[in-house]
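First to last, the sequence lines map onto chains L and E. Under the working numbering, the first residue of the first sequence carries the number 630, and numbering increases by one thereafter. Under the working numbering, the first residue of the second sequence carries the number 28, and numbering increases by one thereafter.
Derived by calculation from the structure, the hints in this document are not laboratory data. Worth double-checking, as some hints may not be accurate.
Said to hold, decoys possible - Below 25 angstroms or equal to it, Euclidean Cα-Cα: the simulated DSS-like pairs (lysine-lysine) are:
| no. | chain 1 | residue 1 | chain 2 | residue 2 |
| --- | --- | --- | --- | --- |
| 1 | L | 906 | E | 100 |
| 2 | L | 755 | L | 878 |
| 3 | E | 127 | L | 1050 |
| 4 | L | 1050 | L | 950 |
| 5 | L | 970 | L | 723 |
| 6 | L | 906 | L | 1066 |
To be verified - Not close to chain L: a few residues of chain E, all C-beta gaps over 12 angstroms, as computed:
| no. | residue |
| --- | --- |
| 7 | 45 |
| 8 | 115 |
| 9 | 157 |
| 10 | 166 |
Virtual Cβ for every residue (Gly too), placed ideally from N, Cα, C.
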Amino acid sequence: MIVRIYVPKDATALSLGADEVAQAFAAAPGVEIVRNGSRGILWLEPLVEVVTPAGRVGYGPVAAADVPGILAAIAKDGAHPLNVGVVDEHPWLKSQQRLTFARVGIVDPASVADYVAHGGYAGLAKALAMAPADVVKAVTDSGLRGRGGAAFPTGIKWKTVHDQAASQKYVTCNADEGDSGTFADRMLMEGDPLTLVEGMTIAGIAVGATQGYIYCRVEYPEAIAALRIAIAAATAAGYLGGNVCGSGKRFELDVRVAAGAYVCGEETSMLESLEGKRGEVRVRPPLPAIKGLFGCPTIVNNVISLASVPVILARGADFYKNYGVGRSMGTLPMQLAGNLKRGGLVERAFGVTLRELLYDYGGGTVSGRPIKAVQVGGPLGAYVPPQHFDTPMDYEAFTAVGALVGHGGIVVFDDTADMAKLARYAFEFCAIESCGKCTPCRIGSTRGANVIDGLLAGDRPDEQRRLLDDLCETMIQGSLCGLGGMTPFPVQSALKHFPDDFAPRHRH
Amino acid sequence: MSSPEAHELAAVEAAIERFGQQPGPLLVVLHGVQDSLGYIPTAGIPRIAEALHLSRAEVHGVVTFYHYFRTHKPGRRVVQVCRAEACQARGGAALEAHAKSRLGVDFHETTTDGATTLEAVYCLGNCATGPAVRIDGRLHGAVTAERFDALLAAGESK
């Protein structure tokens, strides 16, 4: 009898030895290996799954040395110290609401047949049977807002592009997921790339674009490889190309590799970069939806936004918008990162609180010390103190406490964190990554780091503090894009919630 | 600077030939060159500019804008250490200091024997299981100082 064993090829699993584990299993007779994505239970990676009549039984975290023991257990009743039971029933996973990530970790990312067998391409089939304007309307009605962080209604962008009369339009996917503490884009591209391919195809059909580009960061070679394999497979199966599913419509897709500039996650600098230029921010207007890539109407959407489109089309706008709270509709794949016992990906409807994420899912810190602060929404997101941990994940609720949801990344720090150092790092990072086009960001970032140095050195601290407040305000008001305009957020939140950390330090 | 070496110019020509026809091709061509040589030779910039109908200044401006592109040959091995917040929250700063002292170089420097180039990166997307390091393209998670030394030693013995 052949035993089918899933060994993730997700980058986190690989970073913890998944290839060695796969090799060890492959060397055993009667074993068939499938390389899947990750279920997102990253604290159990490499999480190996064995297909049994009861379901896919997980073992993790597995090292190559554990393989003989696991093989012996499989041959008997499966009992083994690393056995975590049927993975679908695992409490960490079972309480999630996986819509966008429904197939991630389950399917073989390279197989169109497996994708279709798990409900893939149902959304595209519906879209092809609808008028393009109705596809746009479905996305608008679903309440989907840009998951890259700006939370702009996706349907409005699509409608603007749809309404332009142009001989050439583009769909571009922003996969320049540079925010620390975020890996949802990466996991989806590695684990279920065809969902992104399908979402972009639907976008193309809806707005009349024939060419798509996925702009993926160079730091994600595993995702780039998975995307290229998926695009080739979809093209071979007739889901991409000159005649999508026999509809007579054309949609082609290419992957473009970024080159390590954080600012290219800003949509207009991403377009500059796609055109082969320095990734400097463009002045808006014109909006990319009107004059985007190569001067043509262009959709710019994040990976998760586009990957949420297939389920919206397949199951309807009402199905999707019934998840969530207020104006934050649907689900958000949240990423639990940093100093947590149980880090990973949690997709839940908007409305789940930070506390549930940090303690029920995350299990508190891995260091065992109290949580001091969490940074939500990447390096430009505010530091949230424990008194705000009951805030629900909801764009408006986060704004009300001076924070942002962003791309849903949550980085946890224990009480050894030095908030002044982290605030200084925010400026330092901005200085490294500034495109240089506007002065508040280019100069302000370097000055900000200097001022914090002065503050900590006790050099006229009151004056430095006033200067720092003024500088933050100038950057917020005067920067061309979010890099300079939001770098003050982590700084101001650290100052507000942890003033003691900014007291002058005396060298011994 | 020394005169351009034939293999450098051959790599530049090959990348232009293969990728030069794509829309907005400059980054694609530069990736092609760096994939093959490990860096972008400054001597190749005039030829890239000519082939893509750009000025030398434009090509130079793009090469130097992006952190990923290098204009000098790296060491035989490239070690990237993540400096971003999620790794800092798991001991990244200590690992960074250890890596610098173990190799005796600062970021974006190469050891004197030409063996290893140390680079800073800002997020490898391995944020739940940091600190993260990528060595010659291979990602490693939960890297302690001891594990870092073991990974380096494993590379050296090859």
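Here is how each hint holds up against the structure:
1. L:906 <-> E:100: Measuring from Cα to Cα gives roughly 23 angstroms; hence the hint holds.
2. L:755 <-> L:878: holds (14 angstroms)
3. E:127 <-> L:1050: holds (20 angstroms)
4. L:1050 <-> L:950: violated (41 angstroms)
5. L:970 <-> L:723: holds (19 angstroms)
6. L:906 <-> L:1066: The given pair, whose Cα atoms are some 14 angstroms apart, holds under the 25 angstroms limit.
7. 45: holds (14 angstroms)
8. 115: With a cut-off of 12 angstroms, residue 115 (chain E) comes too close to chain L, as the shortest Cβ separation is near 7 angstroms.
9. 157: violated (8 angstroms)
10. 166: violated (4 angstroms)
Of the numbered hints stated above, those contradicted by the structure are hints 4, 8, 9 and 10, listed in ascending order.
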